[in-house]
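A.B. asks: Work out the full structure: start from the sequences and follow the hints.
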Amino acid sequence: MKLLIVEDNQELSRNIYQYLLREGYICEVSYSVQEAEDKLLCFPYDCIVLDVMLPDGNGLDLLKFLRSEGIDSSVLIISAKNALDDKILGLDLGADDYVTKPFHLPELHARLKAIYRRKILRGDPIITCNEISINTNTLEVSVQDQLLDLTKKEFDLLLYFITNKNRVLTRQTIAEHLWGDYTDSLANFDFVYQHVKNLRKKITTAGGNDYIGTVYGLGYKFNGNLA
Amino acid sequence: MKGIRLKLIDQFTLWFLAMTVVVLVAGGIIVFMSVQNEIIREDSRRLKDTVHLVATRLQQGATVDQQQGYMVRIQELSYLAPAVPLHVLDTLFWFPSHEHYERQLMAVASYKIKGKHYHIAASNLVAEPDEIAEGIAKSLSWIFILLLVLVGLLSRLLSRKLLAPFHETLIAVRGFSLSGQTPLHLKNTQIREFEQLNRFLESMTQKAIIDYKSLKEFTENASHELQTPLAVIRGKLELLMDSPITDQQALLVQAALDSIEKLSKTNEALTLLTRLDNREYQTTESIDISRHLSNGIFRLQELFELKGLLLEYDLADNVRVWLHPILADILLNNLLSNAIRHNVPDGKVSITLTETSLVIQNTGLPPQIATEQLFQRFKKSNPSQNSTGLGLAIVKQICDLNDFDVSYLYSQGWHRIEVVFRRGQFGKRGITAERKKMFSEK
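In order, the protein sequence lines correspond to chains A and B.
Residue numbering for the first sequence follows our numbering, beginning at 1 and increasing consecutively.
Residue numbering for the second sequence follows our numbering, beginning at 1 and increasing consecutively.
Possibly wrong hints are sitting among the right ones.
What the hints assert, rightly or not - Pairs of lysine-lysine, DSBU-like flavour, derived with a Cα cap of 35 Å:
#1 K197/A - K114/B
#2 K153/A - K265/B
#3 K236/B - K2/A
#4 K201/A - K307/B
#5 K152/A - K197/A
#6 K216/B - K197/A
#7 K262/B - K165/A
#8 K152/A - K119/A
#9 K64/A - K236/B
#10 K119/A - K265/B
#11 K119/A - K165/A
#12 K262/B - K221/A
To be verified - With beta-carbon atoms standing in for the labels, derived distance ranges:
#13 Q18/A - N295/B: 37 to 43 Å
#14 T204/A - Y212/B: 21 to 27 Å
#15 P325/B - T214/A: 37 to 43 Å
Note that these hints are calculated values from the structure, not bench results.
By construction, the Cβ of each residue, glycine as well, lies at the ideal position given by its N, Cα and C atoms.
C.D. replies: What follows is the structure, encoded as structure tokens:
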């Protein structure tokens, strides 16, 4: 996937760049609207990660630019304002999704992957990881062709793990991914432990490898290279 | 003090009429005095003339008959009696046919003519003071009634015309909204006070809009300028996590991440409080709080189960409340989360929604500080708890903004938070009805 990161904070764009580089994405970075427009006119990008507040203008203006130039890139908005107006306006102007600062890098990645599946891999809902196969349309998971009985949350959790395999995922990022804005109430993360435990059990019972390992002090990691 | 609220024009009318009464009474007294004085002065002069005339006739030896309708009485006195100078008496006279006294003016004098001493008296009945007063009172009452009717009618007609610019201003002010971003533009009027009021309102709304914008910008900037570095730090730590680190380092990273999480949540909550203060969430419609509540419960269902809490609820259907939908979700989520977080193992939560109120009760440890204080910012019953301490402050703020009553009680192991929405709902309805009426009048 070819990606353009439009974010004026150099450290932040470097974070995103570094994180996504390991996933094998081709990333380029622009620090201003002007720079982004120049790049978009010259090269095709599958997806744009777009900050709303840029030094030389509003990121939302870039959405209008995309539309007027007929550029068919997907857009993920990074909004710091947490203002509802921006979210709605952005989605109305043709953005595909948004995350609010301070976002978790695995979350950003998961959102990008979801857009990628939806728009670029049009119609191919199957994700496989060794013996595990996930159908994102029917929300079915099978291990060695044996269907698993997963709850919605367990399904989301597995997808999140596989999207960010070989990465450490903290309980915090998992909780936020599963419960969204309502994590505030979940001061302790016992319930993450509960879900992870159930998921591991279901996969291993079906004959799959125990991919999900605990990382001391931090959280969990899906070890994709296990098999 | 709250008295009866009269319309401005009625106040004016009442004061004017009260003043009229005073003026009419005083005027009546003046009229009475001068009329009476004039009558007596004129009659006395004529009576004196008559006496004088009779004397002249007697001198000439002519016959004396009744003079100009006045009663004339001539008596002979002894010649040696002292002469009576011409003077006027104000006396009462017994009127036999009507059997009562009448007021009588009498001019009296004695003249010595041709060796005889005549005592001449000329008298006339005059109107009595009470008769004059009655006449004056009657005519003044008619004047008053005439004034009453005319002022009553005219003031109503005039006020509609004169107060029209004021009513227009009222309607404009009611329709004014800060988030609308357009200051009031009011028409010029010929009435100086209204013109002053309009110009004042215009400059005030302009200032309010500027204040609103700058505070809004401030929260946006504060949020952006704080959240971006937080995003950078969090990203760095997440990248660090993916590199080989020791267990000791992992703990340090986790602790740093926890603090970032808390900082970010606190910033978010404070921004929300400021935005609530700034009234950026304008309620434009009533919402079905029953639906919002059951969605909220559904969303958190899993947490109730994971925490082993027994949930009982009794929700009335279709309860409509005047509240912004986003605020409704924040309010309910904060209340429900509280009930979960501050519970005890195997505790209970009970939720009751009626047409007028929402009661959320949960079991929990006794609060360490007075329950009402928990609505204040950063007040926590248990300071070690990993929460921002702003949840209930936000609840309180939302309730205050929407005229809801919120109370927090603790008794016998139960925490009970009650939100009464009835008052705000009716208040808003009242205003809209009134506004509709004003528009239809227009």
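A.B. asks: Work down the list of hints and note, for each, if the structure agrees.
C.D. replies: The hints, checked one at a time:
1. K197/A - K114/B: Violated, at about 154 Å.
2. K153/A - K265/B: The given pair, whose Cα atoms are some 24 Å apart, holds under the 35 Å limit.
3. K236/B - K2/A: With Cα atoms ~23 Å apart, K236/B and K2/A stay inside 35 Å; holds.
4. K201/A - K307/B: holds (21 Å)
5. K152/A - K197/A: holds (15 Å)
6. K216/B - K197/A: Violated. K216/B to K197/A sits at ~45 Å, over the 35 Å cutoff.
7. K262/B - K165/A: Roughly 27 Å separates the two Cα atoms, so the pair holds.
8. K152/A - K119/A: holds (23 Å)
9. K64/A - K236/B: Measuring from Cα to Cα gives roughly 32 Å; hence the hint holds.
10. K119/A - K265/B: holds (33 Å)
11. K119/A - K165/A: With Cα atoms ~22 Å apart, K119/A and K165/A stay inside 35 Å; holds.
12. K262/B - K221/A: Cα-Cα ~24 Å, so holds.
13. Q18/A - N295/B: 37 to 43 Å: holds (39 Å)
14. T204/A - Y212/B: 21 to 27 Å: The hinted range 21 to 27 Å is violated for T204/A and Y212/B, with Cβ atoms some 58 Å apart.
15. P325/B - T214/A: 37 to 43 Å: holds (40 Å)
When held up to the earlier numbered hints, the structure conflicts with 1, 6 and 14 and fits the remainder.
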